[in-house]
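Q: Chain by chain, the residues run as shown.
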Amino acid sequence: MFCRVFCADVSGIDAYTICVEVDVSGGLPSFNMVGLPSSEVRESKERVERAIINSGYDFPSRRITVNLSPANVRKQGSGFDLPIALALLSCMGVVSENRIRDLMFVGELSLDGTVNKVRGVLPIAIKAREEGFRGLVVPEGNAFEGAAIEGIDIYGAVTLKELVESINKNTLTGIEHTDLSVLLKGAYEGNVLDYTDVRGQEKAKRATLAAVAGFHNLLYVGPPGSGKSMMASRIPTITNTMTEKECLELSKIYSVAGLLNDDSLMLNRPFRAPHQSITTPSLMGGGNNPKPGEITLAHKGVLFLDEISEFRREVIEDLRVPIENKKVVINRVYAQITFPCDFMLVMATNPCKCGYYPDRQHCRCNEAEVERYLSKIRGPILDRVDICVGVTKVPVDDLSAADDGLSSADMRIKILRAREIQAERFKNCDVDFNSQMSRKEVSRFCTLNNETRGLMDRAYEKYNMSARGYFKTLKVARTIADLEGEDTISAEHILEAIGYRNIYINQ
Amino acid sequence: MKEQINTHDDYWLWLCNIENIRQPDIQKLLDVFESPEEIFKAPESALSEMLKPEQVDPFMLSRSGERLWKIKSVLERDHIRFIHPDSPDYPGRLKVLKDMPFSLYVKGELPDDSLPSVAMVGARSCSEYGRKYARDAAARMAYEDVQVVSGLALGIDSVCAEEVLRAGGKTFAVLGSGVDVIYPRDNISLYYEIIMNGGGIISEYPLGTKPIGWQFPHRNRLISALGDAVLIMEARMRSGTLSTAGHALDQGKDIFALPGRVGDSLSEGCNMLIQDGAGILIDMERVLSAVRYNHKNLYYEGGEIKEINSEADKKTEKESEQKRTFKQKTESEQKKELKQKKDFTQKRDFKKKKEEQKTDNYIEENTDRTVYRALEITPLGVWDIAAITGLPESKVSISLARLELSGAAREVSADYYIRA
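Protein chains in written order, with our numbering: chain Z, 1 to 507; chain D, 1001 to 1420.
Treat the hints as calculated values from the structure; they're not laboratory data. Check the hints yourself; a few may be wrong.
Each computed SDA-like pair below joins lysine to any residue, with the alpha-carbon atoms no more than 20 Å apart [as the list claims (entries may be wrong)]:
1) LYS353/Z x VAL1412/D
2) LYS353/Z x SER1265/D
3) LYS1395/D x LYS245/Z
4) LYS393/Z x SER1394/D
5) LYS462/Z x SER1265/D
6) LYS45/Z x LYS161/Z
7) LYS353/Z x GLU1128/D
8) LYS1395/D x ALA491/Z
9) LYS1395/D x GLU486/Z
10) LYS393/Z x ALA1420/D
11) LYS1395/D x GLU492/Z
12) LYS1395/D x GLU484/Z
A few chain Z residues that don't get close to chain D, going by computed Cβ distances all over 12 Å [unchecked claim]:
13) VAL34
14) PHE59
15) MET92
16) GLU97
17) GLU150
18) GLY200
19) TYR334
20) ARG419
21) PHE426
22) GLU492
Interface residues of chain D toward chain Z, partial, derived using beta-carbon atoms under 7 Å [to be verified]:
23) ASP1186
24) LEU1266
25) GLU1393
26) LEU1405
Each residue gets a CB set at the ideal place from its N, CA and C atoms; glycine is no exception.
Between the sequences and the hints, there should be enough to build the whole structure, so can you do that?
A: In structure tokens form, the structure reads like this:
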């Protein structure tokens, strides 16, 4: 007796179809599994056996062979339990094979037959739709995320017994499709953070505004307790709502990472703030079966590196290529896996070891120590910073001041307007934001008149700028002009951009 | 075949380079035997009475001279001079010290006894304020041909040395390590610049001595001794700089301290010195006249300071007069030089004025003027300036960018500015 059931596994953030073949034949009772299963897949035979028995079905005491095809790809994950069990039951005639031929199954089994959650349902649903399956059976807990995909029926399975009965009675009912656009509309209602929580810091707020508007990388410099993290953690409250495409892409990443909550998708842009002790694999993505790292989890959102100089140098150096390419490639013997990582880089640092330079009342670091403090990260990452701004400890009077300054809502409106201007400007180019402009585009969109050109020339000489630094200043000036809704870059815009200059590097 | 130890210089070098034997031991030996040669030839029985047991063995071994020849070859290779109290080059300013060093290792030159000199010291982690005035004072000293002595430390010491070199003057550094051990490493280029420009690096510690903590306050006595006055630019309480000031007091030197604001921790030491009667470093003319007076009227000889006027010995007076006439240039030469100096000062002032005008031209707008007025020599954050002027931070930031471009302000740390 032979039966075949379809299933899928995840590699990177994409799924591929796997065919589970089960053969039950005469001979000494045994349960063999072939097709390059990893240890967690191999263990599934124990779960399958007990789940079938505890669901009230007979487990054949015969020679059972399970093959996972294609046999040359290593299988990982626990989603194979349910398809193996169904194929086995189908071999024994408990389930009609005709009824499950055009379905795909994923799910982990408990010993009592309950179907448990697995990771990667979203990419699997996408794959199932591509392959033309009529429906996809997933664990109940994953049904919501699967339902975000249009064009395929998603069935949530609670227990093995229930599932088998509804297949046999032909009463499988798909759950309702999740409408992303509705969900996304309500996404901003739940934000509890707001920039009104940040008192004073007018310039730092303004710099944050400009950075988000033009997608510029940002560096906060300030003493301990000055609110650098507070400022950074509010960035998601002023960014634009994700599009459906972005939401799906991000949800796919979180689904693969197993970080998606029950009955939810990624509706808000992520804010990831890994600790300084992070290792390269957990930042870039890694593991035997590579899982996305922090930079991928920050996709379409913010990666915040607090105390940047405390990170290991190698870790910081490895960031360069992903920042440039907006994707990270992980090589394994079995496969080469690519994760997207299009994030806004926000960093924070103390100006020196004790954190109070140049306030000599508190700081006792000598020149060389101050110089040395940031030199570790200077080359690798500081030249990726477009906007650098000082943050200070707010005096007590300001804390209780009535004036809240800019609120997140105000800032968001300005940013959305600047983003619209950029969308219009770049509609025929392959860049999205001012920060991504190539030199050609800079010379096209950042036109200067005599006054502003003179200003830029003076700055170029005065600060001994590199060509990169020159263009960076222009791009930031462009963003500032967009924020003000002006077509041409004025002297004030350029001066403001110079005020955000990264003084830690000869740009 | 080894050479014999037989010159007076060699005996001194030998005496100062015996393991476990330090300055006080040498002093003790000299009190009894009177000269290094006698010590060398002294019988073991007499020595073992005077020395500690662990000192006797190295002492006896060192008589073979092996170590001495090694040291001599290094001295020769690295162009380091060894100076002992009987050397003709031994600085007169050190001879008056109670605990004068028996050995001086010198790379480059020693401060000239016939020229005035000043010791300039200050905090390593100095502020922009201290840096600016240290620079001004050092440049003035160099311009007036006053030799500047400091300690090659980071901060004020380095600023002074750099500024003297820039102005074409001579500067000397007394190290707390061996003269061939450059510490801190960051000052390696400054170390060589000092030597190449007619100044010198001086240390009393044997070659290769590591920079160990206690040696620094110890060498501070040489820094203050080598100056005809001591300028304290910035000092915290309980700092190394104040130890130099303490030595200067013991040696009876004139001290000038740069006053600072009450409450600035970097000025606390200076303000305290002023309260205790130190000179206030406001007017460089006063400092200069004190330096010149001290140099001219304190005649160093035979380990004692003698006021020239009270010197009764005819011979000495005659000698000193000869010396003076030899050192002093003819009147016409002097006049010429004076005129040159005047011209230079005028030119410099004129240039300065012109620069100021240029700066003024750039400060067109009213906000810029207001912001410029708010700037200080101590770094202020953009937010501080906004609070002082009552302008919004965005306006202040733009003004500061404009001021910086025109050279009227400078950003010293992220969003901290000073008046340039």
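Q: Please go over all the hints and tell whether each is borne out by the structure.
A: How the hints compare with the structure:
no.: 1; hint: LYS353/Z x VAL1412/D; result: 16 Å, holds
no.: 2; hint: LYS353/Z x SER1265/D; result: 19 Å, holds
no.: 3; hint: LYS1395/D x LYS245/Z; result: 40 Å, violated
no.: 4; hint: LYS393/Z x SER1394/D; result: 18 Å, holds
no.: 5; hint: LYS462/Z x SER1265/D; result: 33 Å, violated
no.: 6; hint: LYS45/Z x LYS161/Z; result: 18 Å, holds
no.: 7; hint: LYS353/Z x GLU1128/D; result: 19 Å, holds
no.: 8; hint: LYS1395/D x ALA491/Z; result: 13 Å, holds
no.: 9; hint: LYS1395/D x GLU486/Z; result: 18 Å, holds
no.: 10; hint: LYS393/Z x ALA1420/D; result: 25 Å, violated
no.: 11; hint: LYS1395/D x GLU492/Z; result: 9 Å, holds
no.: 12; hint: LYS1395/D x GLU484/Z; result: 15 Å, holds
no.: 13; hint: VAL34; result: 62 Å, holds
no.: 14; hint: PHE59; result: 69 Å, holds
no.: 15; hint: MET92; result: 72 Å, holds
no.: 16; hint: GLU97; result: 69 Å, holds
no.: 17; hint: GLU150; result: 47 Å, holds
no.: 18; hint: GLY200; result: 7 Å, violated
no.: 19; hint: TYR334; result: 46 Å, holds
no.: 20; hint: ARG419; result: 21 Å, holds
no.: 21; hint: PHE426; result: 27 Å, holds
no.: 22; hint: GLU492; result: 6 Å, violated
no.: 23; hint: ASP1186; result: 5 Å, holds
no.: 24; hint: LEU1266; result: 5 Å, holds
no.: 25; hint: GLU1393; result: 4 Å, holds
no.: 26; hint: LEU1405; result: 5 Å, holds
Hint check: violations occur at hints 3, 5, 10, 18 and 22; the rest are consistent with the structure.
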